[in-house]
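> Produce the entire structure from the sequences given, and follow the hints as far as they go.
Residue-level listing of the chains:
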Amino acid sequence: MNESIVWLTIFVLSIFVGVEVIAKVSSTLHTPLMSGANAIHGIILVGAILVTGAADSTVTLVVGLAAVVLATINLVGGFVVTDRMLQMFGGARRPEVTRREDSA
Amino acid sequence: MIPTWVALAYLAAAICFILALKGLSSPRTARRGNLIGVVGAAVALVVVFFEGDLDHLVPILVAIGVGTVAGVVAARQVQMTQMPQLVALFNGVGGGAAALVAMLELHELAPLGDRAEGFALAATAFTIVIGSISFSGSLVTFAKLQELITTRPVIFRGLPIAFGGSLLVAVALAVLVVVEPAIGWGILLALLGLAIGVLLVLPVGGADVPIVISLLNAFTGLSVAAGGYVLDNTLLLVAGTLVGASGTFLTKLMATAMGRSLLNTLFGALKGGSTLGASVMSDRPVRSAGPQDVAILLGYAQRVIIVPGYGLAVAQAQHTLRELVDLLSSRGVDVDYAIHPVAGRMPGHMNVLLAEAQVPYEQLKEMDDINGEFKQADVVLVVGANDVVNPAARSTPGAPIYGMPILHADHAKQVVFMKRSMRPGFAGIENELLFDPKTSLLFGDAKDSMSKLLNAVKAL
Numbered sequence: 001m002n003e004s005i006v007w008l009t010i011f012v013l014s015i016f017v018g019v020e021v022i023a024k025v026s027s028t029l030h031t032p033l034m035s036g037a038n039a040i041h042g043i044i045l046v047g048a049i050l051v052t053g054a055a056d057s058t059v060t061l062v063v064g065l066a067a068v069v070l071a072t073i074n075l076v077g078g079f080v081v082t083d084r085m086l087q088m089f090g091g092a093r094r095p096e097v098t099r100r101e102d103s104a
Numbered sequence: 105m106i107p108t109w110v111a112l113a114y115l116a117a118a119i120c121f122i123l124a125l126k127g128l129s130s131p132r133t134a135r136r137g138n139l140i141g142v143v144g145a146a147v148a149l150v151v152v153f154f155e156g157d158l159d160h161l162v163p164i165l166v167a168i169g170v171g172t173v174a175g176v177v178a179a180r181q182v183q184m185t186q187m188p189q190l191v192a193l194f195n196g197v198g199g200g201a202a203a204l205v206a207m208l209e210l211h212e213l214a215p216l217g218d219r220a221e222g223f224a225l226a227a228t229a230f231t232i233v234i235g236s237i238s239f240s241g242s243l244v245t246f247a248k249l250q251e252l253i254t255t256r257p258v259i260f261r262g263l264p265i266a267f268g269g270s271l272l273v274a275v276a277l278a279v280l281v282v283v284e285p286a287i288g289w290g291i292l293l294a295l296l297g298l299a300i301g302v303l304l305v306l307p308v309g310g311a312d313v314p315i316v317i318s319l320l321n322a323f324t325g326l327s328v329a330a331g332g333y334v335l336d337n338t339l340l341l342v343a344g345t346l347v348g349a350s351g352t353f354l355t356k357l358m359a360t361a362m363g364r365s366l367l368n369t370l371f372g373a374l375k376g377g378s379t380l381g382a383s384v385m386s387d388r389p390v391r392s393a394g395p396q397d398v399a400i401l402l403g404y405a406q407r408v409i410i411v412p413g414y415g416l417a418v419a420q421a422q423h424t425l426r427e428l429v430d431l432l433s434s435r436g437v438d439v440d441y442a443i444h445p446v447a448g449r450m451p452g453h454m455n456v457l458l459a460e461a462q463v464p465y466e467q468l469k470e471m472d473d474i475n476g477e478f479k480q481a482d483v484v485l486v487v488g489a490n491d492v493v494n495p496a497a498r499s500t501p502g503a504p505i506y507g508m509p510i511l512h513a514d515h516a517k518q519v520v521f522m523k524r525s526m527r528p529g530f531a532g533i534e535n536e537l538l539f540d541p542k543t544s545l546l547f548g549d550a551k552d553s554m555s556k557l558l559n560a561v562k563a564l
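Protein chains in written order, with our numbering: chain A, 1 to 104; chain B, 105 to 564.
No lab work stands behind these hints, which were simulated from the structure alone.
Result set (DSS-like, lysine-lysine): computed pairs, CA atoms no more than 27 Å apart in a straight line:
| # | chain 1 | residue 1 | chain 2 | residue 2 |
| --- | --- | --- | --- | --- |
| 1 | A | 24 | B | 469 |
| 2 | B | 126 | A | 24 |
| 3 | B | 479 | B | 542 |
| 4 | B | 542 | B | 556 |
| 5 | B | 469 | B | 551 |
| 6 | A | 24 | B | 356 |
| 7 | B | 517 | B | 542 |
| 8 | B | 126 | B | 356 |
If we take Cβ atoms under 8 Å as the criterion, some of the chain A residues that face chain B in the derived model are:
| # | residue |
| --- | --- |
| 9 | 14 |
| 10 | 15 |
| 11 | 28 |
| 12 | 33 |
| 13 | 34 |
| 14 | 41 |
| 15 | 44 |
| 16 | 53 |
| 17 | 63 |
| 18 | 64 |
| 19 | 73 |
| 20 | 76 |
| 21 | 80 |
| 22 | 85 |
Just so we're clear, the structure is a prediction, and the values are computed from it rather than from any experiment. For every residue, glycine included, the Cβ atom is placed at its ideal position computed from N, Cα and C.
Printed below as a string of structure tokens:
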């Protein structure tokens, strides 16, 4: 099978999965979901590391490292801020609140 | 060639991302979902170092360290009210990273000339332009939300032509990248992408900015996906496509929740619609009330509904509001919060802000659940909100928010607005409800008024 077709297949299937998994989200979670999805595309960091590791001149190295820094901010910051939002509500809500009041 | 176990690890990471999105779409599993996403990212970041021989390991690790510190500090320090801007910023730098990665790939591919695969070159061009649009567009949304620039739509004569022209030139440049690969075209394409991003976001009004953040988020996802094709990396393709698809769908959901169509959001202002009207303060008579008057209304009511808005959060008055509600409840008043889907600056933002003030989740009622109860409410207290209770959304077909679902505060027996001034809301339009005979206004900073109101109720 032509390799491009394999890529196209993965692409199309991923579209369906992407829509399906979030189709039933409640509006309360729109912001955290957006933020979480935002963190996930920070995985471009993998690409940034690969191209930087193959850099052949000072200029390409500097550009690559800039990409690594930016992608890391997106990835790490994205997950941390999403977690901060979600601390506020969700599963362990009750014990969470009690604990915070105790420590306050 | 990628080692098999590395490819399998990427597959595991991709599955983690799918489960992360799935988890994030339900309140019970949301936090766990986010953590699963972290696991996926961690797996991918370890195995990438085994994918092939990488040079410059030390600078790369240092750069990751710098980015981690910057990301964590920003995410920890930010005020919850400013969170939407931070998400925009994170999205922008992600788009910027994707564009830079594609530039370096073009630098690799260009010397191959005719031997470079046309489709890979096209994907590279796509990543450069979309990544750049996402970068500059997100910076403009950041500036709008931070109110560094006006939140009103910015339009100028010739903007549609400049925008359309830039798009055409971008397509032409992308074709050049494929036919005649050279890094110069890539740089021009990136600059053009930056310009397009600015032109895309400038005409968007403040209230619609969250929809645009979500759209740009989807853009970044797609550029990462295209980058994955270029780099022969299935994880980037899958993760980018997931975000691109779910982001696009989420954008649509948000637009629906706000009663807007996506096209109208982006280009509504260009048609010279009424979004530009009513920037002047009205001098029509209103009934203003003091804290004591409002305290009596609330203290002797049976049913009170609170409509919190962004103004409440900005004034950091949510803790005082919770005290007031606790006090009223102890007096036997039945109190609930009515949360509009887009209260705050983003869908769900208000839930986060009130949860931070430790308001019990059970008191937060979603719009569809509480709208029928306004008729029975003795008093509705609107704190720092405006557009979400504007009856023009139901009654005035010409209004820019016409069709947006609103909270039916106007059905209550009495309405009290706590407002800083008569300035219109984020959408920039006047609210008829303010002039209704059953409405009283308590002017002042929300926190200040709220403390006075609290003391007045205590004194009853």
